[in-house]
Amino acid sequence: MKLQTATRLGLYAVLELARDPERTLSAADLAGRFGVSSHHLAKVLRTLATAGLVRGGRGAAGGYRFTGNRRRVTLMDIVALFEPAPGQRAEEPGEDTAVGTALQRVLAEIDEIAEATLRSISLETMLRPRR
Amino acid sequence: MATIRSAEPADLPAITNLDHRLTGAAKAAYWQGMLERYAGGPADRLFLVAETPRGVLAGFIVGEVRAWEFGQPAAGWVFAIQVDPKLRLKGAGSALFSALCARFKERGVSRVRTLVDRKDHLILSFFRAQGMVAGPSLQLDMDLP
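Just so you know, the protein sequences line up as chains S and A, in that order.
Position in the first sequence (first residue = 1) + 123 = the numbering used here.
Position in the second sequence (first residue = 1) + 604 = the numbering used here.
These aren't lab readings, by the way, just hints derived from the structure by calculation.
Bear in mind the structure is a predicted one, so any value in this text is a computation, not a measurement.
Any given hint might turn out to be false.
Cross-link-like lysine-lysine pairs, in silico, DSBU-like; alpha carbons within 35 Å at most [to be verified]:
#, chain 1, residue 1, chain 2, residue 2
1, S, LYS125, A, LYS690
2, A, LYS709, A, LYS690
3, A, LYS690, A, LYS631
4, A, LYS709, S, LYS166
Modelling step: build the complete structure from the supplied sequences, incorporating the hints.
The following block contains the structure:
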């Protein structure tokens with residue numbers, strides 16, 4: 124499954140911050156941990172803040188901390204902030220042909236399984252040590 | 605904290621009531637049959653209940669060790685799990701699942717397996733939280749012409 128860069132950064136940031144909700148990390152700290160541009164990550168963090176998942180302090184030294192509920196927030200909640208909702212993407216050429224329709228049925232099946240998987244995994248489950 | 609024990613015939617009304625409340629379908633005959641086959645039956649069939657300190661049914665779980673189902677080596681299958689919504693988030697479901705897994709291990713299997721409706725996010729999340737991940741099989745079905 125291919126996720127957009129912003130989606131992956133959103134997942135990294137939320138999971139890293141949710142590991143310790145008391146801890147505050149700056150966009151630069153987070154970017155350094157994942158080897159990504161802090162400019163790109165800052166944009167992602169703003170989206171997460173608007174969704175109420177993180178809260179950010181102002182200024183260059185201002186950091187972010189997790190403000191969601193680890194047991195309630197699922198991977199899908201984060202993915203949905205950055206990826207188009209199922210059934211809401213623009214129609215692509217050929218989709219209205221018989222072959223295109225058949226292919227869409229298969230792709231929709233894959234999307235449905237992926238969504239069910241992402242929706243079933245809470246941050247708490249992700250962050251629990253593996254048995 | 606709920607106590608886990610093997611189900612008994614006397615649990616039938618409470619099990620039927622709980623399932624009826626959760627699914628909207630009364631299935632007394634079905635649960636009577638399940639109790640007859642799984643409670644106190646062959647050692648590889650298990651029907652456990654969780655009971656509150658006041659003796660109220662908090663939930664139940666049903667499973668069985670099966671070998672070579674769909675070509676897979678022996679594994680413990682979980683067929684049903686229900687927990688009273690008023691008593692959820694108190695560990696009864698996890699206690700039932702752990703107890704069933706422990707009994708599966710005693711019977712020599714090292715895998716536990718179940719089937720879940722992919723739109724039932726609550727139960728999917730529950731099994732995920734127990735550590736379950738996608739297994740080696742994909743379930744397929746179709747409407748008969």
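Hints and how they fare:
no.	hint	in the structure
1	LYS125/S <-> LYS690/A	40 Å, violated
2	LYS709/A <-> LYS690/A	30 Å, holds
3	LYS690/A <-> LYS631/A	21 Å, holds
4	LYS709/A <-> LYS166/S	49 Å, violated
Comparing the model with each earlier hint shows violations of hints 1, 4; every other hint is respected.
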